[in-house]
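Chain S is already provided as a structure; the job is to place chain R on it using the hints.
Protein chains in written order, with the working numbering: chain S, -6 to 339; chain R, 44 to 240.
To be clear, the hints were calculated from the coordinates, so they are not data collected in a lab. If a hint is listed, it holds; no wrong ones were tucked in.
Capping the alpha-carbon separation at 16 Å, the derived lysine to aspartate or glutamate pairs in EDC-like fashion look like this:
1) S:Lys325 - S:Asp284
2) S:Lys314 - R:Asp225
3) R:Lys186 - S:Asp70
4) S:Lys314 - R:Glu227
5) R:Lys186 - R:Glu203
6) S:Lys(-1) - S:Glu54
7) S:Lys203 - S:Glu35
8) S:Lys300 - S:Asp26
9) S:Lys203 - S:Glu157
Have a look at the derived ranges for each label pair, beta carbon to beta carbon:
10) S:Arg183 - R:Thr107: 36 to 42 Å
11) R:Asp124 - S:Thr113: 51 to 57 Å
12) R:Leu232 - S:Thr113: 52 to 58 Å
13) R:Lys53 - S:Ser212: 32 to 38 Å
14) S:Pro71 - R:Gly230: 29 to 35 Å
15) S:Thr287 - R:Asn191: 51 to 57 Å
16) R:Pro134 - S:Arg155: 23 to 29 Å
17) S:Glu339 - R:Ile188: 52 to 58 Å
18) R:Leu232 - S:Ile34: 39 to 45 Å
19) R:Gly230 - S:Pro304: 24 to 30 Å
20) R:Thr66 - S:Glu115: 53 to 59 Å
21) S:Ile111 - R:Asn191: 51 to 57 Å
22) S:Thr158 - R:Val127: 30 to 36 Å
Residues from chain R that face chain S, not an exhaustive set, calculated with beta carbons under 8 Å:
23) Ser52
24) Tyr181
25) Val183
26) His184
27) Lys186
28) Ser213
29) His215
30) Leu216
31) Leu222
32) Ala226
33) Glu227
Nothing here was measured: the structure is a model prediction, and the numbers come from that model. Glycine residues also receive a C-beta, built at the ideal position from the N, C-alpha and C atoms.
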Amino acid sequence: MALNFKKETFREDYTYSNSDAAIKRFPFPFPEDQYMYSVNIEPHTKGKQGTVCEFTFDIDEHYVAECLDKKITLEQDPGRYKALPHMMDAQWDFVELTMEALAQDYPEHFSLKKQGLIWTWENKPLGIKDTFTFGDTSTLATEPFDYIGRQLQGDFVLLDHRDETLYADAGIVTSQADWSLAFNVGMSWREWHGPVPRATELGVMDRALKYLLNLQIGSPVRRLNWTMTVNPRLDTSPENYPHWGGERNTVNAENIGDLIHLRVELQTLFRLPRSNAIVFSIRCYLISLKDIATYPRWAKRLHRVQKTMHPDLIEYKGMTKFHPMMVDWLAKFDDGETLAIGTQPE
Amino acid sequence: MEHGYWIKSKPVYNALVWHEKATAHLIIAKNQGVLVALKLFQQRQPTQPVTLLYAQDGTDYAKTLNKVVPAGLDVLNSEQDLLVSLKNIMPNMRMGLRVYVAGSEGFIWSVAEVLKTFGVEDADIMKELTDTLARTIYCVHCKAITHNITTNIGKCSGCERMLFVRDHFSRHLGAYMGLMIDAESPGELPEIEEIYP
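Bound conformation, chain S alone:
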């Protein structure tokens, strides 16, 4: 089925919105009434039709607008793309993984034709058609990871596997929840997770690392992560914090339902065949409190999760200013009904 790509913005006038279908398929991350960090990794197997896990990489109605927003961010700050020189094999691995998946899963939008090492890639929604030699960087206008990374929703980090840990040695990062690629590039697993509160004490990061070091080719995994953000802004980077930080002051009891968005990251990880590197894909979904509340089950759940949130996490996720107001706003939807475990909207 062909997708209808929306014309919308993720900055300034923020015209982003979700269709009814997009709300219904939103990857709501709270199966229980309380939240705490956990490893919560599961196999990235094919999900039900229409869900965000139906295909290897999810392409949705926001695809074209997101790629445009990514282009603007990269033009303003080329430092959002960085690849250390030893990552070239991983870059080509990434091209293969993504082009093959998109061409197979969305044949009406993408196609890949191979004649030996001569590949022709066509991206109809973005109006791109190029022929290049696989493995020969001189046949593309930019580095291969940069080339295809711009044609995908979400952020990507390529992790190099050495010394029994993972190093973030390449990335294209334009929709991050307050972390900096330029600062973190080259860091080991433990270093870049340093600022996450409570996670180290819980042993979560060490267990997740152990799991990922054993990640096998052809058996990708996924997990959900979340935060709350003001406005449907993809680029909540520390780089541009001076531009978006002030938006937290604009939230009040009247506009909170429209302004505050739940921001969910569908994180998927793939082992790559030639380089033995790992792709860390971070796909961001945004939904306003008002749209969440169109499903009472979700509103009740979110109310309970937020009401019992650990203070360190409220601070870490940057929710301090609007958190009490948000809990109050959600309270009116919660009649105390017992909810079964699960993230479904109804």
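Frame of chain S; chain R shown alone:
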């Protein structure tokens, strides 16, 4: 600061000790770091050849050093000169070389950056912190590096924003992250205190 708090990305600097399985030793020291070098010779006179690069700030340890490192001593007048000298000697170094660095954190990571270009990994460099706890900060907004910050908040040398010095360290940049402190409430600054003397 909360009990049990620690900066997970901050490197741990140890007291230098000779690495016995070496074909040669290279010691790189600045200012008070030279005392650490001398301390090493109090432990033992190694059998392998030793090269010592020392950038001095006025206190003259050259005489004492000449006695313990008769061959292989290079006394430089500044950190810049030392880094140039390091670049010159590294191509002659061989497998089995052990590297020791002693000085301020800014100095340690400037040296590590040069060594990295010669394939010496961070994990293979032994480091001891001396002189000062001052931090080098990287402005996440304009990407400028500002040295010798001794306070919780410092002014960026590039964009002049007031930056909060975050407890997050990048070995790649040799710096802590600096983040604009008053983005949400312009002009409102907490009290500036010296915490990294």
